[in-house]
Amino acid sequence: MIYQQIISGLINGSAYASVAVGLVMIYKATEIVNFAQGEFFMLGAYFAYFFYSTLHLSYPVALLVSVLLVGFSGVVLERISIRPLINRKAHVASIFMITLALSASLKSANRLISGEFEKPFPPAFSPTPLNIHGLYVNRQQLLVLGSTFVLMIILAMFFKWSKLGKAMRGTSTNRLLASLLGINVQGVFSLTWFIAAVLGALSGVLLAPIILIYPDMGGIVSKVIAAAIIGGLNSLPGAFLGGIIIGLSENIGGAYISTSLTDVTAFLAIILFLVLRPSGLLGKQVTKRV
Amino acid sequence: MITPRRVFDVRVGIVLLSLFIVPLFLRQYHLVVLNLIVIYVIVIMGYNFVLGYTGLLSLAHAALYGLGAYSTSVFMAKLEIPLYLSFVMGGVFTALVGLLICFLLLKTELSGLYLGMVTFAFAEGLVWIFLHWEQMTGGAFGFAISSKYAFQGNAYLKSYYLSLCCALLLFWFAVNLINSKWGRALKSIRDSEEASMAMGVNAPAYKLLSFVLSAFYAGIGGGLYSIVMRQIYPGNFGMHELLKQFSMLIIGGQGTISGCLIGAFLLPLLSEVLRSVSILQDLFYCFALVLFMIFMPEGISGLRFKMRRVWTRRMMRSENI
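Protein chains in written order, with numbering that gives the first Met the number 0: chain A, 0 to 289; chain B, 0 to 320.
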């Protein structure tokens, strides 16, 4: 029983983790907490539903097309709504609220287009669970778990060794210096949003056959923010760890203490961590220069 | 003799008089809208203290508004405290909760985004309590105040006069506060906290003041809302409501009292126009908010200053020629 809970916690957690990594990437590049990050998750699932269930494309093709589409919409969103505010040096509050407004408008636009009701996403693989030493796991769940871990390793390698990854790290350390060294800072911003949107959409597409899809599924963002804060908001491995922690504690707390606790775990975690340890588990303490 | 000062007084008198007389000739439905507008004026003025003047990103305002509504309903219907006392008590209770939250926040010197996220978590926690403490709040089915505790007779008109008196009082207080030493201290914290601390402004104390004041305004507004509607749901006070209040503040123009009035007047009116297509309402709020934040961050009341700037430039140019 407890192992079953741990497995499903890991699966939910890995979905939170990959969305949270996208959130932290954007935070590191531009010091914005992107509230619309959950909407990439929602858009991914809905695009995949459209391609897979309405147009009858195969699951991998639907996955690829919808993820790329969401990635580009992330770039467009940043370009038309966030960039003008950054260039104007607007207050953090305004940028935070504009991402909130974007999230709400995407949500209500989606409700307008595809209806309020929950839809089942047709399973991509045979839904009979595998029995591994007494644990029941779906093939889809295994796919979520496996692809998240592989993706995180690829991302770590990208940041460590590739030229673009180095450019992105440089930009997040010092924007002005990076532009002096010939790094296209604006391009890096676009790339960051692209990768973040892709990460969000990917976990949306992968998780869609397990959960129902509905317009408010972007509400995952509160858990994602909690994950990022547990990890320390400026640490990518921290965000991954935080996602797993949130997933596990939600599932175990929900099963053994009270089901209604699943909704508040994230909020309690945000309050506790920000009040007691604002730099999170793995984050760096940032000293403010006046 | 007609001095500018006296012209101003006459205009204010006419506006006040019409505020009191016009509702006598309105139908019930319009009275409800008018009630909402006056309540939003109170709530948005409170939000303006914390966001517009002090520059603190608080996302808990809608939930505090809800706390005011729920506590007033509980005082009225469960503890049978008279109406006039219970909504004031609701406001004070909300202010106390705001004080508690703020103490927790000040202890860690949170600022900017972190403050936004903590208040967001508090807000969602409060809504969760509204939803799950069922014997107190009625849970998802909402809290209904039976009519024997509410106003008798023409209830909407009476509640309108009550809200109007509160709004006028709170408006007078806000204007005087903003133009006092305290108001200037709040604005200096918004512009640069470090500089204002260096000038001897006790920034934490002023932050506490503005947060608690805004919580009080929200609580009073929420209490009046529950008196008018007599039926409240947890869903009324979530993210959706916060976005609505935020768009009122931004579209009206943050950091000005006139902006609060404009925003609180325009948006409920427009949303009543759009009522038949309620699904478009959300989209409208959010799009308007995004457009205003990109193209007109000073809001509608900021237009006045912009016009004045353009006007003086033109005057100077014509004098040169």
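Hints may contain errors.
Chain A side only, calculated, beta carbon under 10 Å to chain B, not exhaustive [said to hold, decoys possible]: (1) LEU84; (2) ALA89; (3) HIS90; (4) ALA92; (5) ALA103; (6) ARG110; (7) SER113; (8) GLU115; (9) PHE116; (10) LYS118; (11) ILE224; (12) ALA225; (13) ALA265; (14) ILE270; (15) VAL274; (16) LEU281.
Hint data in this document are derived by calculation from the structure and do not stem from the laboratory.
None of these values were measured; they are calculated from a predicted model.
Just so you know, even glycine gets a beta-carbon here, dropped at the ideal spot from N, CA and C.
Do the hints match the structure? See the list:
Here the hint on LEU84/A is kept, as its CB sits about 7 Å from the closest CB of chain B, short of 10 Å. Interface hint status for ALA89/A: upheld, as the beta-carbon distance to the closest one in chain B is roughly 7 Å, under 10 Å. Taken as an interface hint, HIS90/A checks out: its beta carbon lies about 7 Å from the nearest beta carbon of chain B, inside 10 Å. Using the Cβ-Cβ criterion of 10 Å, the hint placing ALA92/A at the interface with chain B is satisfied: the shortest such distance is roughly 4 Å.
Contact between ALA103/A and chain B, as hinted, is supported at the beta carbon level, the nearest pair being about 5 Å apart and thus within 10 Å. Checking ARG110/A against chain B: minimum C-beta separation of about 7 Å stays under 10 Å; hint holds. A hinted interface residue such as SER113/A counts as satisfied when its beta carbon comes closer than 10 Å to some beta carbon of chain B; here the least separation is about 12 Å, so the hint is violated. The interface hint given for GLU115/A is met, as the beta carbon of that residue sits about 9 Å from the closest beta carbon of chain B, less than 10 Å.
The closest approach between the C-beta of PHE116/A and any C-beta of chain B is roughly 13 Å, which is over the 10 Å cut-off, so the hint fails. Look at LYS118/A: its Cβ only gets to about 18 Å from chain B, farther than 10 Å, so that hint breaks. For ILE224/A, the shortest C-beta to C-beta distance to chain B is roughly 6 Å, which falls under 10 Å, so the interface hint holds. Because the smallest distance between the Cβ of ALA225/A and any Cβ of chain B comes to about 8 Å, under 10 Å, the interface hint for this residue holds.
At about 8 Å, the closest approach between the beta carbon of ALA265/A and any beta carbon in chain B falls short of 10 Å, and the interface hint on this residue holds. A cut of 10 Å between beta carbons decides the hint on ILE270/A: the least distance to chain B is about 5 Å, and the hint holds. Below 10 Å, beta-carbon pairs count as interface contacts, and VAL274/A has one with chain B at about 5 Å; its hint therefore holds. Taking 10 Å as the C-beta cut-off, the interface hint given for LEU281/A is violated, the closest approach to chain B being about 17 Å.
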